[in-house]
Amino acid sequence: MAKPPLLEVKNLRVEFPTRHGTLVAIDDLSLHIDPGEVLGVVGESGAGKSLTGAAIIGLLEPPGRIAGGEILFGGRRIDKLPDAEMRRIRGRHIGAIFQDPLTSLNPLHTVGRQITDTIAAHLPLTPRQARARALELLGEVGIPAAAERIDHYPHQFSGGMRQRVVIALALCADPKLIIADEPTTALDVSIQAQIIVLLKRLCSQHGSAIMLITHDMGVIAETADRVAVMYAGRIGEVGPVSEIIHKARLPYTIGLMGSIPSIGEEVERLVQIDGSMPRLNETPPGCRYHPRCPNAFERCRTERPDLMPAGPSRVACWLYDSPAEAPAARPIPAAARATGGHRARGAAAAATLIEAKGLKQYFDVSPPLLTRILERTGRRIVRAVDGLDISIAHGETFGLVGESGCGKSTVARTVVGLFDATAGTIDYDGVSLSTREERARNRSVQQKMQMIFQDPQASLNPRWRVFDIVAESIPEARRTKAGGFKERVGELLRQVGMSPLDGDKYPHEFSGGQRQRISIARALGGEPEFLVCDEPTSALDVSVQAQILNLMVDLQRNLGLTYLFISHDLAVVHHISTKVGVMYLGRIVEWAETRRLFTRPLHPYTRMLLDAVPDISKTGTQRAQVEGEVPSPIDPPGGCHFHPRCPFANARCRGESPENIMVEGTSVACHAVQEGRLPAWKTG
Amino acid sequence: MISFILARVLQSFVVMLCVAAISFSLFTYVGDPIANLVGIQSSDEKREELRESLGLNDAVPVQFARFVSRAVRMEFGISYQQKRKVSSIIAERLPATLELSILSALLALGIGIPAGIYTALHRESWFSHLVLSGSLIGVSLPTFLIGILLIFVFSVQFHLLPSFGRGEVVQLGFWSTGLLTESGLKALIMPAITLALFQMTLIMRLVRSEMLEVLRTDYIKFARARGLSNRTVHFGYALMNTLVPVITITGLQLGSIIAFAIITETVFQWPGVGLMFIQAINEVDIPVMSTYLLLIASFFVIINLTVDLLYYFVDPRLRVGRDVKT
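Sequence order for the protein chains is E and G. For the first sequence, the residue numbers in numbering that gives the first Met the number 0 are 0 to 683. For the second sequence, the residue numbers in numbering that gives the first Met the number 0 are 0 to 325.
Bear in mind the hints are in silico, worked out from the structure with no lab data behind them. Treat each hint with caution, since some may be false.
Claimed, not checked - Calculated cross-link-like contacts (lysine-lysine; reagent style DSBU-like; alpha-carbon spacing at most 30 Å): (1) LYS9(E) <-> LYS79(E); (2) LYS681(E) <-> LYS246(E); (3) LYS220(G) <-> LYS79(E); (4) LYS9(E) <-> LYS220(G); (5) LYS447(E) <-> LYS504(E); (6) LYS175(E) <-> LYS220(G); (7) LYS681(E) <-> LYS199(E); (8) LYS9(E) <-> LYS246(E); (9) LYS45(G) <-> LYS82(G); (10) LYS199(E) <-> LYS220(G); (11) LYS9(E) <-> LYS199(E); (12) LYS175(E) <-> LYS9(E).
Build out the structure end to end from the sequences listed, making use of the hints.
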């Protein structure tokens, strides 16, 4: 540490004055970033990560304000600078990248103009030079045909390309520090991989340091040099990335790491941290984590720990205070993950519960007739699901993964009958439920299928009490039996780990995880056998996700449920599923038993996804670059849909759509596999 | 582009045809036109003869087709009361209304938009609060009351401005203008303010809320994070995006300024088409009423068409198709 740090934050305090008193969002936070270093800042939502970033670049949204501490950039104090001077630092010395590339660009200006505007604000270049530099930057971030694309508007770029433009904008005045706030969260796995690689490469070329704010440990594991773990407005632990991932010392980090599913290991249950992060107005005294901490002792409840050295890391935890204070009676906690093959679940060959064949779901998104005639264009049909076969046995969990736009949510909705399938059959336990008439005739069978949605905030009626929300799902016939009705709702709430007393409250009084529990209780009301879960944990923090996943595993064991589990998250699907299907543009390109699929993937797309996914088991590993993005399902490529991105494509792949074939227990639709053109999958 | 305009123009035609049908039905269903044309003494034969010669015995679709083809040639018949061509009455009255409406629209836009921007950018300043509370008056007081109050203060109490009429006008070809004489300009002030006040406050509040919305977006945050100057962020980025939705509403409001002119013209005895329409209603002058209906509808259609085209030029998302290739 010969050089002084590039950025130093000392005892930062951020407050929000409200009518009910002042809320302290960030309390006594100190950190530093060295030149060229990647500092990962992780934590669950509400930990104050984004606020820290906003405070550093002086963009706190009012009424939020810096109430204490100082921020030094290259030794110069910047937290008290007047706005005009701060503006010269933003963009010039400290750049920023935000989460959503779709909304980060001004829709009314060309990307070229947005870049040259920014260059003009910082560098003494003529308009012509600025444009030349903009072109150069666009080429550098990997935008093909930059000379032509520079005059395009943001909406003409795909999501991944837009995030590249955002990076070009952040880099255009060569800042020494980039604050990247969840730069890949809104992107698909394969694009996420491209962006991370790009960001890292560019920053090392330009010698810029990165403050990488994210909730995704997988991204941190691959990208960061050092990691700071935040909890409730404070840094709990900070240290080199390998220490944090493999030898976490803070009980919270240990719990957090254990609660993240990984494609590298199989566990029956995830480590569960009960409860959730305290709200700003009810932060507990002492260590803020003590109410959830399994290792808390007296001192934690009263005294606030500050960062203290522990090995190569620094930890804010009394367990690591002087040895005299922490006797052997308090063992240093270690990651305890109950291992064991959960694939044993439902492994016995069970009868088929639900089977869909040749399922198609098309949506007509044609422009109005008049426009079609005038522009001589035909109808536009989105082939969301395009000939899909799926068969799920009793007690099984079928995981369906794919990138956004591949049609996985449409499958969920079509299977439960929210959409009328364009073609194909759906059989449930021998009863055909393919058409609306059949579903109406077999209401009682239909009710055995229930659905859990992604966003518990949007799927619960905010004006209803929880009791009514859950009660509504209990079928009429059973509702008239007056006596047991109330008890039944209470029992449902208990089943999902809530109290019957919670029935009197409204959804907004609960946290995200609790709301998802309520939607599960609602789904259970009709005593279903089959639950379709559409991204049930995507809107949740990892520790809460672990609670919900554990709950789902318990419910499956106790009630004998069968799941169709849909997610974009490979690790989650790997954790919970017995079988996994990979979807690409409306078709399942490969399905197999979970372990088989993840250890011996056959389809090039599956291999690409597995290569791309950031995972905590991949710390510091180099990954293969993945090219291209998912094309539009309106006009999918002919032949095999995947051929434009496939390194093994030949003439047959371009012309002929592959059929599913069975190869050693894996069903795969790929000419290359069939013809034996594919190399073996690297193992290990 | 061409197909977009064509589609819009075709839609406008359909709208105009519908309005023409309503306008036409006034003749058929509101009173008997013959009774309005002939004296009480006329014999039944004479009435029948007139009916035949005017084509009133033809089938309704034939009559409608004739009505439309005449309207296209700007022939709207003869006023029952004034016994003059309706087209020439309108030509005489229209300049007064247009001058009043356009000036009001300019006032509403010229004050409403800057005030909206100011109150959005300086949310906490005392002047913003003052403007906002003041705007409540504009929204809540009915137009005629404001007109009468203005007349009471500036005409009755202080004798500064005329209380009615257009003052002296100058004839420029077919156009009569009050903008070139002192009395004409003086006469224009109060009606224009009265007519503009409501729209002005509406536009101001709209611009303000849209702008506040835009200032919260990610691309504004990102623009600030890149160190762009406040001027670029506010006027280059935020204002443009604010105006996209504002244009639509504002266009519709301009149409209603012309339509609402009826009340203002009545209060100030302004010799425009609005006043003409009120008089026509009093006198059951069907040709004048139906022509006024067509006229206002065509204004709305034209303004809407213009707005759609403007939208097309302001928002590249409509103009430039999404690129499929990546």
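Holds or violated: LYS199(E) to LYS220(G), with C-alpha atoms at most 30 Å apart: Roughly 23 Å separates the two Cα atoms, so the pair holds.
Verify the proposed pairing of LYS681(E) with LYS246(E), using a straight-line Cα cut of 30 Å. OK: LYS681(E) and LYS246(E) at ~28 Å, within 30 Å.
Regarding the pair LYS9(E) and LYS199(E), is the alpha-carbon distance no greater than 30 Å? Within the cut-off at roughly 27 Å; holds.
Is the straight-line distance between the alpha-carbon of LYS681(E) and that of LYS199(E) 30 Å or less? holds, 25 Å
Starting from LYS220(G), check that the Cα of LYS79(E) is at most 30 Å away, please. holds, 20 Å
Given the hint that LYS9(E) pairs with LYS246(E), test it: the Cα-Cα distance must not exceed 30 Å. holds, 26 Å
Keeping to a limit of 30 Å between CA atoms, is the pair of LYS175(E) and LYS220(G) held or broken? Distance of about 20 Å is within 30 Å: holds.
Is LYS9(E) within 30 Å of LYS79(E), Cα to Cα? Holds, at about 13 Å.
Is LYS9(E) within 30 Å of LYS220(G), Cα to Cα? holds, 25 Å
Holds or violated: LYS447(E) with LYS504(E), Cα cutoff 30 Å? holds, 28 Å
Hey, LYS175(E) versus LYS9(E), does the alpha-carbon distance stay inside 30 Å? holds, 19 Å
Below or equal to 30 Å on CA atoms is what counts here, so check LYS45(G) against LYS82(G). holds, 20 Å
The earlier numbered hints are all upheld by this structure, with none contradicted.
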